[in-house]
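A.B. asks: Next come the chains, spelled out residue by residue.
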Amino acid sequence: AQKVTQAQTEISVVEKEDVTLDCVYETRDTTYYLFWYKQPPSGELVFLIRRNSFDEQNEISGRYSWNFQKSTSSFNFTITASQVVDSAVYFCALLRGYNFNKFYFGSGTKLNVKP
Amino acid sequence: ETGVTQTPRHLVMGMTNKKSLKCEQHLGHNAMYWYKQSAKKPLELMFVYSLEERVENNSVPSRFSPECPNSSHLFLHLHTLQPEDSALYLCASSQTASGSSYNEQFFGPGTRLTVL
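Quick mapping for you: the protein sequence lines, in order, are chains C and E.
Residue numbering for the first sequence follows this note's numbering, beginning at 1 and increasing consecutively.
Residue numbering for the second sequence follows this note's numbering, beginning at 1 and increasing consecutively.
No lab work stands behind these hints, which were simulated from the structure alone.
Heads up, some of the hints might be wrong.
[Unchecked claim] Straight-line C-alpha distance at most 30 Å; calculated DSBU-like pairs for lysine-lysine:
1) Lys102(C) <-> Lys40(E)
2) Lys70(C) <-> Lys41(E)
3) Lys38(C) <-> Lys36(E)
Please read all numbers here as calculations on a predicted model, not as lab measurements.
Please construct the entire structure, taking both the sequences and the accompanying hints into account.
C.D. replies: Set out below in structure tokens:
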């Protein structure tokens, strides 16, 4: 069975702190894709990144970075020098490689960045 | 309009009412989705339409009835809902890929539904 676990329900940090959001996934598929989405208070989920199971390279995009480790089935997301605008709920998701129409979402981590 | 739009943004209805949620995507995608987001629960996939045909229906009660008249529009018809159906209903679209490609979903802003 497929499953995505985001153990951190809510995290609060002070602006400029670094913060890491954890994501652990379960799948027996050899081909799969991992995603992170951001949901600000407005409600719309905003796509941040996708990774396929054959690409374990870490990625950095500005203040955002992602650490994909197949050995621990984790796809963690780090925000460096957090800002108030980063406050949102962040979702990790798994897409099975042979079923492009089915996503498995984690329960989300609410990030509060205080000034 | 760009991206995925949803109307209305907020809806309050009684249990005996009939209403419809509308979703429109302007991205040229061929797959559309309805999700339900309740407080403190993971996103629940309700329906998937690919090439205007329903391909997934995750045991959703019959009081929710989807309609996909074309690849750009998706409706969710609601009737005799229950208070526990109150949630944020999100629409998404994607381009169904083939082979070893992949596709992310693009989401609309959602409709906040309250059932009294």
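A.B. asks: So, for every hint listed, does it hold in this structure?
C.D. replies: Do the hints match the structure? See the list:
Taking the CA atoms of Lys102(C) and Lys40(E), the gap is about 21 Å. The hint holds against a cut of 30 Å. Only pairs whose Cα atoms come within 30 Å are accepted, and Lys70(C) paired with Lys41(E) is accepted, the gap being roughly 26 Å. As the CA atoms of Lys38(C) and Lys36(E) are separated by approximately 16 Å, the hinted pair is consistent with the 30 Å bound.
In the structure shown, no violation is registered for any of the earlier numbered hints.
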